[in-house]
Amino acid sequence: MTSTCPQCGAFTKLPTEGLDLTTLVDPQTAARHMKLMQTNDPPVGITPAYLRDVLSKTSSRLGVLDGEISRLRVQLQQLEEEHLLLSDYHRNTSSILSPLRRVPDEIIAEIFAWTMPSPAESEGFDVTQSPWILGHISSHWRAIALSIPSLWSMVSIRPGSAANPLPMAELQLRRARNLKIHFYGDEDEDATEQLNLFNFLARHSAVWEELSIQLTTFLVPRLVALRGRLPLLRRLWIQWDREGSDRGVDSIQCFDNAPSLVDVGSIGESRFIPILLPAHQLTSYRVDGPWREHQSLLKAARNLVEARIVIVFDQDRFWPDADPIDMPHLQRLYVSDVSVLKYVRAPALSEIAMHLGREEDPAAEFDAFLSRSSCTPQRLCLTGLPSAVVCTELLKKHTFITRLALAFDAADAARDHNENEYDIYNLLAEIVATHLVAFTYKAEEAPVLPHLEELYFGVLAGVFLVDYPLFLDMLESRTRAGTSLCSAAFLTTKQRAELDDAAAERFDALESEGLSVWVESGARNMIELWMYACPWN
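Numbering (UniProt numbering), first residue to last: 1 to 537.
Because the hints were derived from the structure by calculation, they are not lab data. Wrong hints could be hidden among the right ones.
Taking lysine to any residue pairs in the SDA-like style, the calculated list, with each CA pair at most 25 Å apart, reads [as the list claims (entries may be wrong)]:
hint, residue 1, residue 2
1, K57, D26
2, K299, P347
3, K57, R32
4, K180, S118
5, K299, A533
6, K396, V338
7, K397, E365
8, K396, Y425
9, K397, Y425
10, K180, Q77
11, K180, I252
12, K442, A411
13, K180, V127
14, K57, E82
15, K397, V448
16, K35, G67
17, K442, C486
18, K35, L51
19, K342, D314
Computed spacing ranges between beta-carbons, pair by pair [as the list claims (entries may be wrong)]:
hint, residue 1, residue 2, range
20, E170, S484, 55 to 61 Å
21, N525, L166, 30 to 36 Å
22, L166, E430, 52 to 58 Å
23, V224, P167, 25 to 31 Å
24, Q38, V74, 56 to 62 Å
25, Q295, G357, 18 to 24 Å
This structure is a prediction, so every number in the text was calculated from the model and none was measured. Backbone N, C-alpha and C define an ideal beta-carbon position, used for all residues, glycine too.
Using the sequences and the hints given, assemble the complete structure.
In structure tokens, the structure reads:
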């Protein structure tokens, strides 16, 4: 049924479909009805009988509609329930055809291994992390996870964390075979809780294969008590919670008779604490300490393959004359002071990393070391604030170096020159730009160091905005010149500038030409590995 609008003359549809209004034949009454519904005018010109008749018929129709709606709602609910059940049935049936069901258990086990958090990321016995979460996916995955002891071998303890319950620790240790213990002691947290956890783990020390521990005053006696109880320990890392956490400790004497120990590292806060070690069996050594302590141990450590020698706590930096230390198996070496090279002979060396100050030139010590050792390392890493001139001169002279990594450290400027943060980052940007320009090929000149195959830049700074166009200019110039460069990277430890579309296209073009380019932020661990920092901690 339609009615003409009394104001505009347009037809307006009334909600009267399904009503028997055949008795309402008066158009004027219908128009008046419509107007009254749209206004608050007095009901003049329309009879109560008419309105009661309309209300009766609409009430009757509403009852019919309510019944129909109720019926349809019940039907809709039934259909939705059937749809839900059938969807589950369909999905579960489809899952039978999933390729994942045909993946061999060995491949799944390998995938599981890649899901494990690093010690720094681990929150203790957290059911939302691997390996615990793996048992919540399916019974098959749970069976695989429980069958792999290595998934349960890492035990990371952070005092004060809610995820350190002893029952879960006991359960994990039953599932593991050998243990990798990462225990971060804290002077400010409850000592009793920490000692209880450490004592529990110490009862299983016979199967420890890895120990990284942040020591406190109250943990040292418990650690020393493990002497003679570490038959499988292969890797050791010791650091102190903070300055003062080593008070009253003169040395640590519990690892000298660990028969399997081959990899050691330590770092102090305020002073050097000697650690008695089985030097003759070590293959990897990363220690911060005075040169005399390094010298004493290195003389006995003839089986070292990798060494990171950081000189700290030396009062006068006195370098007496001494015969070189023979290190016949050493392949990778980092020195925080190039003067160390005067005391080392390493004929098998293939990689070397050196820390340099802003004006420091290591040429004399480096040349003498290479001559004495008769070695030709292929990889060189310079860290600190190395000069571009020094760097390029070294590479021009020693063309057997084909892989170069530069790790610029702003902390050196802050420590050595007392510069404020703004000046430090300006200085850092200037030094990095100088190196990028130095390695850029200019059309009118011969290619700069064409033998370089890998060229990596890393910036150890809080915030550093990378000059990507300059980096790209350098890469493109070397590619056009036909140099040997096949891999390049620019890594920062914090924030980096987002690549604009133009820069992204240029990177894509370089990769399409066969150059592997890596640009990444938050890569502190990777940069530190260039200097042979501990890779497993």
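Structure-based check of all given hints:
Of the supplied pair hints, the one linking K57 and D26 holds, its CA atoms being roughly 17 Å apart against a limit of 25 Å. Taking the CA atoms of K299 and P347, the gap is about 16 Å. The hint holds against a cut of 25 Å. Between K57 and R32, the direct Cα distance comes to roughly 19 Å. Compliance with the 25 Å bound is thereby established for this hinted pair. This hinted pair checks out: K180 and S118 have alpha carbons roughly 12 Å apart, not beyond 25 Å.
For the hint pairing K299 with A533, the CA-to-CA distance comes to about 22 Å; that is within 25 Å, so the pair holds. Straight-line distance between C-alpha atoms of K396 and V338 comes to about 19 Å, which keeps the hinted pair within the 25 Å bound. For the suggested pair K397 and E365, the alpha carbons sit about 14 Å apart, so the restraint of at most 25 Å is met. A C-alpha spacing of about 29 Å is found between K396 and Y425, which places the hinted pair above 25 Å, so the restraint is violated.
Simply put, K397 and Y425 have alpha-carbon atoms about 31 Å apart, too far for the 25 Å limit, and the pair is violated. A threshold of 25 Å between alpha carbons decides the hint, and for K180 with Q77 the separation of about 55 Å lies outside it, so the pair is violated. Restraint check: the Cα-Cα separation between K180 and I252 comes to about 20 Å, which is no more than 25 Å; the hinted pair holds. For the given pair, K442 sits about 33 Å from A411 by alpha-carbon distance, which is inconsistent with the 25 Å threshold.
For the given pair, K180 sits about 19 Å from V127 by alpha-carbon distance, which is consistent with the 25 Å threshold. At most 25 Å may separate the alpha-carbon atoms for a hinted pair to count; K57 and E82 exceed this at roughly 38 Å. For the hint pairing K397 with V448, the CA-to-CA distance comes to about 13 Å; that is within 25 Å, so the pair holds. About 31 Å separates the Cα atoms of K35 and G67, which puts this hinted pair outside 25 Å; it is violated.
Distance restraint check for K442 and C486: the Cα-Cα separation of roughly 19 Å lies within the 25 Å cut-off, and the hinted pair is therefore satisfied. Taking the CA atoms of K35 and L51, the gap is about 14 Å. The hint holds against a cut of 25 Å. Taking the CA atoms of K342 and D314, the gap is about 17 Å. The hint holds against a cut of 25 Å. Checked against the given bound of 55 to 61 Å, the beta carbons of E170 and S484, roughly 56 Å apart, stay inside it.
Checking the proposed 30 to 36 Å range against N525 and L166 shows it holds: the Cβ atoms sit about 31 Å from each other. Remark: the range hint 52 to 58 Å for L166 to E430 is upheld by a beta-carbon distance near 55 Å. A hinted range of 25 to 31 Å holds for the C-beta pair V224 and P167, which are about 28 Å apart. Checked against the hint of 56 to 62 Å, the C-beta distance between Q38 and V74 comes to roughly 37 Å, which is inconsistent with it.
Range check, Q295 to G357: Cβ separation about 22 Å, and the 18 to 24 Å hint holds.
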